[in-house]
Structures are given as structure tokens and as C-alpha cells.
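Asker: As they're listed, the protein sequences go chains G and W. Residue 453 in this note's numbering sits at position 453 of the first sequence, with consecutive numbering throughout. Residue 223 in this note's numbering sits at position 223 of the second sequence, with consecutive numbering throughout.
Calculated directly from the structure, the hints in this document are not laboratory data. You may find that some hints are simply not true.
Because identical chains cannot be distinguished in the list, a pair is counted as satisfied if it fits within a single copy or across any two copies.
Stated by the list, open to error - Below, in silico cross-link-like pairs of lysine-lysine (DSS-like), each with a Cα-Cα straight-line distance of 30 Å or less:
#: 1; residue 1: Lys-92; residue 2: Lys-236
#: 2; residue 1: Lys-5; residue 2: Lys-55
#: 3; residue 1: Lys-340; residue 2: Lys-62
#: 4; residue 1: Lys-136; residue 2: Lys-26
#: 5; residue 1: Lys-62; residue 2: Lys-443
#: 6; residue 1: Lys-55; residue 2: Lys-236
#: 7; residue 1: Lys-55; residue 2: Lys-392
#: 8; residue 1: Lys-55; residue 2: Lys-26
#: 9; residue 1: Lys-5; residue 2: Lys-82
#: 10; residue 1: Lys-55; residue 2: Lys-82
Bear in mind that the values here come from a model prediction, so they are computed numbers and not experimental data.
There are 2 protein chains.
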Amino acid sequence: MAKIKGNAISPTRREDYAEWYQQVVKAAELAEISPVRGCMIIKPWGYAFWENIQKGLDALLKAAGHANAYFPLFIPKSYLEKEAEHVQGFAKECAVVTHHRLEAGPDGSLVPAGELEEPLIVRPTSETIIGAVYAKWVQSYRDLPILLNQWGNVVRWELRTRLFLRTSEFLWQEGHTAHETSEEAWEETRRVLEIYRDFVENSLAIPVIAGAKTPGQRFPGAVETLCIEAMMQDCKALQAGTSHFMGQNFARASGIIYQSREGREEHAWTTSWGASTRLIGGAVMTHADDDGMVMPPRLAPAQVAILPIFRDPAGRRAVLGHAEGVAAALRRLDTAWGGKIEVVVDSREMNAGEKGWEWIKKGIPLRVEIGPRDMESDSVSVGRRDRSPREKYSLGREDFIASVPGVLREMQDGLFARARAFLEGHCREIDDPEEFRGYFTPKDPEKPEIHGGFAWSHWCGGRECEDRAAGDLSVTIRCLPPDREKSGPGKCIVCGGESPGRVPFAKSY
Amino acid sequence: MAKIKGNAISPTRREDYAEWYQQVVKAAELAEISPVRGCMIIKPWGYAFWENIQKGLDALLKAAGHANAYFPLFIPKSYLEKEAEHVQGFAKECAVVTHHRLEAGPDGSLVPAGELEEPLIVRPTSETIIGAVYAKWVQSYRDLPILLNQWGNVVRWELRTRLFLRTSEFLWQEGHTAHETSEEAWEETRRVLEIYRDFVENSLAIPVIAGAKTPGQRFPGAVETLCIEAMMQDCKALQAGTSHFMGQNFARASGIIYQSREGREEHAWTTSWGASTRLIGGAVMTHADDDGMVMPPRLAPAQVAILPIFRDPAGRRAVLGHAEGVAAALRRLDTAWGGKIEVVVDSREMNAGEKGWEWIKKGIPLRVEIGPRDMESDSVSVGRRDRSPREKYSLGREDFIASVPGVLREMQDGLFARARAFLEGHCREIDDPEEFRGYFTPKDPEKPEIHGGFAWSHWCGGRECEDRAAGDLSVTIRCLPPDREKSGPGKCIVCGGESPGRVPFAKSY
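Bound-form chain G, shown alone:
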């Protein structure tokens, strides 16, 4: 068991990408499916990663003037119905609360009782309930802007689920803002997208392409949806964050009316934006390899695992004491991003090789073995998660300690550079419809999930061409980048009509 021949994760990415993903999530102890259909259990290592994501993103949102608040889990059905497109978008995946107690039925078993006059929907998103509250809070332009964010759980009923990527319940933050003018709301929509881009690229080390969704891909009820799109290692796109400009749609639906500076009654302009536990799935599919998870050092639950090696109780005591000393010295150090280095001393009594592999699979950036011989030479044996699991180097204790902040920074930058090279290496400008079809058709029918990448092709802007391009290839336009026109004009890949510039087409999660 201690020795792993070949890779720690079976199957590998090439063998079966979808199953590899499930196995990595399992081996890294990030999450597992629960006995409740469609819902997941986020395990301690996965939840600690989520806590770091929350902390990092929350700090950026607060620095930009947002405050956190909390609104009800339940949304009355009539609220959801206020915005026609919105309710259409969510009606098919609603968890509906219809009763408020259980009572003994005719056969003695408990049955739902106390039927509600109006069913309640477990929030799939909170635009309508928050809109109703803002309508109460806002009287005058002096009450604007309102810049609130909420961390919580939402439910969108799913029959086919995949851990982190698509589950009936997931955790997220949803921001909801109300403004005096269209310009301010637009500025907010863009500012938050930039926060998402900054966070996902610089903290999660996931490169993204930012842009606007096509009309057909907008959030139900939005005037415009901005998004960031990442590329997973199977070359599919993952939407990693969205920021919606609602115009006055939700203000009209909810009655958010303010008296303007000129004394007129106006509808407010609103935005909403969210990022979720999906980001964890994105980090797995961007960084993990055939040996398991690779945590971006900046958000890793811990950066260093110290693995003391001992044979007997006396040796154990000596080595553990020494290991705790190294840990204490490391914990005093700042990372390159502020905050202290987190260190785990794994003193469990188990096979050293097996223990090392556990930490490899969990993706901890640095593994440090310390045994009696290392103590004698005052050195440590170090394994980096961005190198082969079998590659270790020995270093004097003090030199090692001093090196850690720099090595972590180097690993963080290296992960991002590698992911960016992957993304750039899997983009192709395609103008020929046959080549387009070939690009998205699996070469190997046994490995349907490994295929082309992002096809940068021309699009005339027509909904029909978008649908036809998608067609049986399941390809969508991921976004319209703001600098689209830099690529120069051309002919739509579907109809040959005029296109102002290329857009990325891809398969997606």
C-alpha cells in the first residue's frame, strides 16, 4: 500500500477525464455525494479551501465598498413570478415548501401537514426577495447606492449532478446593488467582474477570458451578463463568475422607486453578481494532475505538511519535538500575499510512504520529511507538489525555512503560467466550417472528452447562427470580449455574414 506504482489517481486524465475528476475530489477529501439526492458533503479539507476563497473574495468585495447582510432562505412563489423571464429561468428547478409540519397519518407514519397558503421556494437566487426589501428601504436618491453582498446556500434542483460543478444545493456569494443612474450600475457591474478576474487569476491561479454573454446566454431577467470563462484541462470552458446589469427590470418588478434630485419618481438601476463553490471544481480541473489535487499555495488550507519519521516511542518523541520547532519557525513567516504560513504536523502513526501520498493527493504545496538522520545533519527532505512525487531535495533546516515564502510564490506563479500556456495553446483561429466541426469532434471515440479547445471564429451576431453553431456539437459562444474588434472583421462561421471580430466558441460545463 505504501508504494504507488504509476499514478495515484486511476483513471488518469487521458484515460477518462470525467472519472478522473471524481477520483481526485474523492482522493483529496474535498467532497462526496450525500444520501440526499443532488446535495454534496463538503469535507474538512474542501471546506477549509472554501473558507480561504471566501476570505480572499470577501476582502476584495469589502474594499470596494460592499457590506454583507442576510436575507431569507425562502421566496414566496408570487415574488418569483414578478419578473417573467426570471421565473421561467428557474421554475423547472425549484425546491417547493408546501407544508410547515409533520403529523401522524392514517397508517401512523408522519405525513406533511399544515399546508401553506402560498408555497415557498427555497431560493435559487435572491433577486426577487432582496428587490422587495430594497423597495421598502429606498425613498430618495439619498438612499442610493445600496451595495450589499450575501454569503449563503441556494438550491437549483438538478437530476444529473457532479460534485462542485452542478449540485442541487451549493454555497455562494450573491451581491445585489441598487443605483441612481444607469452609468453607476454599469460601472458596478464592470468593477465586480474585474474583482472576480483579479481573484480567480491572482489567488486561484486560473487564467480567464472576460466578456459579455450573448443575449441567449444571459441570466434570466438581465439586460446584460458579464462573465469570466476559464479553460479546464479537457479544453472545456467553465464559467467562473458572472456580473449582471439588470437595467430597471427588477426595480420595475419589485417597485424600487426613488425620488430623483429633480424631484421625479424614478426606478433604480440594479446589478447582481455571484461566484460559488464551483470555483473549487474549477481549481481541481485546472491544477490537479494524475497524482491528485494541486492546491494554489495562496489559498491552500495549509502550505506545508511536516511528516516526522520515527520507529519507536523514544524516537517519536524526539522527532516530534524537532518537527514542532520547524513548524513554529515557519508559522512566524509571512507569505508573499500577507497572512502567515499554515503548517500541519502530521504525527499519525502510519506508514510514512502512505502518509506522504495522502498529502500529495490533497495537493499541499510542500511536504517536509524529518527523520532521525535529518535531525543529526540538521536538514530536511522536501517534496514540492509542482514536481514529480518521487523528486525530493535535502536542505539545511534554516535555509529551508528561509526559502519557503519565495518557493510558495514561485509555485503560485508557476501554476498560473502553466495554466495560461495551456489556455493559449488550446486556442485556434478558425474560419473554415469544416475545420470548426473537426476541431470539436473527438479524434478518439473512446475519449470523447478530450478535444480541441477554444475556437476563435467570426459570428454575425444572429441568434440563429449561434444556435446552429452549437447544434449537435454542444458548442456555445462563451463570451464577447470587449476587445473583440482587435482581431479585425470577418465572415460569420455559420452564415458568412459580416462580423466585427472573433469570439471564442467552446464546449462547456
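Please build the complex by placing chain W on the supplied structure of chain G, with the hints as guidance.
Answerer: The following block gives chain W in isolation, referenced to the frame of chain G:
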């Protein structure tokens, strides 16, 4: 509007305690009722207080070896039914999900559709779902202990709600642990109670009495429930945290079975424990006064509000620059409890008196006015929330800055000392049934909520005597303190039977 004659909160505590509470919560902008029956909206100032409560308690729980995780929001009905007492305890207040989509009905309006085979209960607490998962995780004694905590929302349907104290949805943490032996589980139950006591007394500045619940007041399914009980300013008790020893009840119900060191199959021993947003209500009712909220400095969303005073744009610029300088100097300081001092510079253009009252009502520990004259003399004008709102003192800028950590510490200690004196001043040893009755009977029928306090009386241990004491007085035994016997033996206040020591009887929330 700027000048407030008398008190900022109407009615006062003496006039109408229940209404005073609602008015403080409103005036401090902590929370408000939502359009969804029974659910509250936690506003930014209240939520920031909650975030600090979470941060403080989370650190203590993690230091004691607990990790956070996340389990599903929904509990299948059959899971809840596994433990007979447990389901009885919660069946009457369950939000039941019966359908998973909405569809156009005969009249075109949307109706629940996609009926679930088994109804799902929105978790009122997670023992049964977490128990089912632990049963999967645990095989051997080597898999124990499991020490997990979860931060999340729960729903217990309530018809009569009161902000923070009793709402259908509330936020909390719930810990769930599984152990190899009864002793270990007992130790855990007590350790967490001590964490709660430490946190509530030393961070929230709320003195408590710790002890065990009587059998009739235990958590549904628990073998023993430990609790901490605080006294509000109307002399009612508030249960501020509970820690349950489950014995093997839930392990039996869920099948948490491990192979022991001797190779036998044994049921694990489990505990659970929780503290909720109710603590915010407890802080209001312990510290607030007739001018609004009084935040314990250690957990206040901000410790200092700087209120620049200006008359015109040029003056505004100068004063704001100066105020930001003071704020920056304060933000570099550590509080007595670790962490930096949080400062708000309130630059809104509004009446200075009105602005000051807003911060008084929000309960910020220190208000600092800086106007052109203060700038000239390089001084500031300071108001402390633990003194009269009209009392201010002037201090040189640098002296003031240097004084802040010490003043905050003094205020924190002062709040606790005052609350402890109140608690001690409203405890009475009562041995005469008539006196007991009189103690809990309002002297003034117009003010039914201001009455005696905690009656320390003898109890024989009989359920019937407990119920009869409660009777029409709505008085319960709050807990059985571990040092109960120190008070010496006596005769039960109800039946005259033998009692090993006094216990606190009180009305409660």
C-alpha cells in the same frame, strides 16, 4: 430632529420592555422582519456583529481541534424519524419540501409539480443526516474521534417570532462529534460548554450560569444537555448555548458502528452543540440602554466612529483629511484582545447632532468629533458609549490615540462587571412557596415583563414538582449547576421532599 430630548429609544425599558427591544434592534439597524413570515433580514451592522461572533467562536472551536465542514440543507423524512424523541421534538415545526418544480396550472398560474417520492425537511438541526454520513465514514476505532462543526442556516417553523430570539430561519453553528468511549464524549460535551462560557463571558461580556438541563428540558434525543444561561435586563433567562451528550442514542439510530480495540462491534458515542444568532438578541438585552445598542468593544463591528464637523466644502476637505489621519493612526493599534482597531470615518453630509445619535443608537464604543477648532488645538472631543450621550471630554490628539486600547479594554470589563452585578443583584434564595409565587408575580400589572429574577430554591428532582413550580407562573428550572450541593441540602419548594441543593428558577425566552 437633531436634538433628542430625553432618551433616543421610546418606549424605555421600564415602560415596555418587549417593545423597547424591538425598537433598539430597529434603531441600531441590526435586523428587521422580512416579507417572508417568520424570517428576518440581518442588516449590515447586525451582520458585521455576527461575523465577529463567528470569527471569535470559530477560532476557539478550531483551537480545540474541530474542523468545519458542510452537510446538506435537506433531510429525508425517514432520517428524521430514525430517533423517536428527536422527530417528536421537531415534527411540529418543520418546513417540508414536497415538489421540485413549478408548472403552469389549469388557470395559467404556476403550481408545485414534480412531487418527491419522499418529502424533504429543511434541516431544523443536522443530527440525523450527519449521523447517516458518520455511519459511512466510521469503520474502526482508528476513525474516531470525528470533530466537525458546521456554520449554516436552520429552519424551525415559528408562528410568533421575535427578531434574533425566535425566528423560523436562523443562523448558527452546530458541532457534531463521534467518540470511542463514553468518557471521551462526556469530556467533549463539557469542553465545548466551557468554550461557550468563555466566549459569551469574555467576548460578549455576558455573564452566565452553567449547568445541566433537567430531564424535561433536554434536547430531543439527548442523554444529557448542558447549557449556559444568561439574565436579561427584564430578569428573564436566555439560554445562550447548549452542548448535548447523546450517549449512543443517535449512533444506534444512524448505525455508527466501529470495531473496537478488542475487535468487538460497538456503537460510537456522540455529542452535538450549538450557538446561534440568538446571541445577538442576548447582547442587546444585556447591554443596550434607553439610548440604543451598546456594543461590547471586543466584538463591535467598529470600535471608533470619527465624526468630522464642517460647514463648507473647503472646511470639509481639511477636516476630512485630518480625520483620516487620526483614523489611520488608530488602525495601526492593536486591541487588548489581538487584532486591529476598526475605525469608521463618517463623512456623510448631514446634521452633526443627528449623525452622533445614529452612532449612539448603533452602540459604537467611542465617538470622536473633530471640527476646525479641534484641529487648531490639535485635540478631539470624545464620547464614550458607557457614559451619558451628552457627556464628552476633550483630549489632545496624540493622548487620545494612545488611550484607545486601554479605554476599550476598560469598557469591555465595565460592561461585564455591570451585567454581573445585575445578575447577582437579581438572584434570591427562596424557601417559602408564597414568597416564590410573589417573586414571579408582576408588581405592576401594566409592566408584566419586569419581575423578580432568578429564585434559587430547592428541588427534589421530581418531574411533577418541576411542572407544578412552572405552573401558571411560566417558570422553569434553568439548569442544575455542577456545584449545586455547595448551597447545602433543603426541602423542595413544591413538595417539601429532600433536595441536595438549590437550583435557579426563572422565566425565560
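Asker: Of all the hints numbered above, which does this structure not satisfy? Sort the numbers upward.
Answerer: 2, 5, 7, 9 and 10
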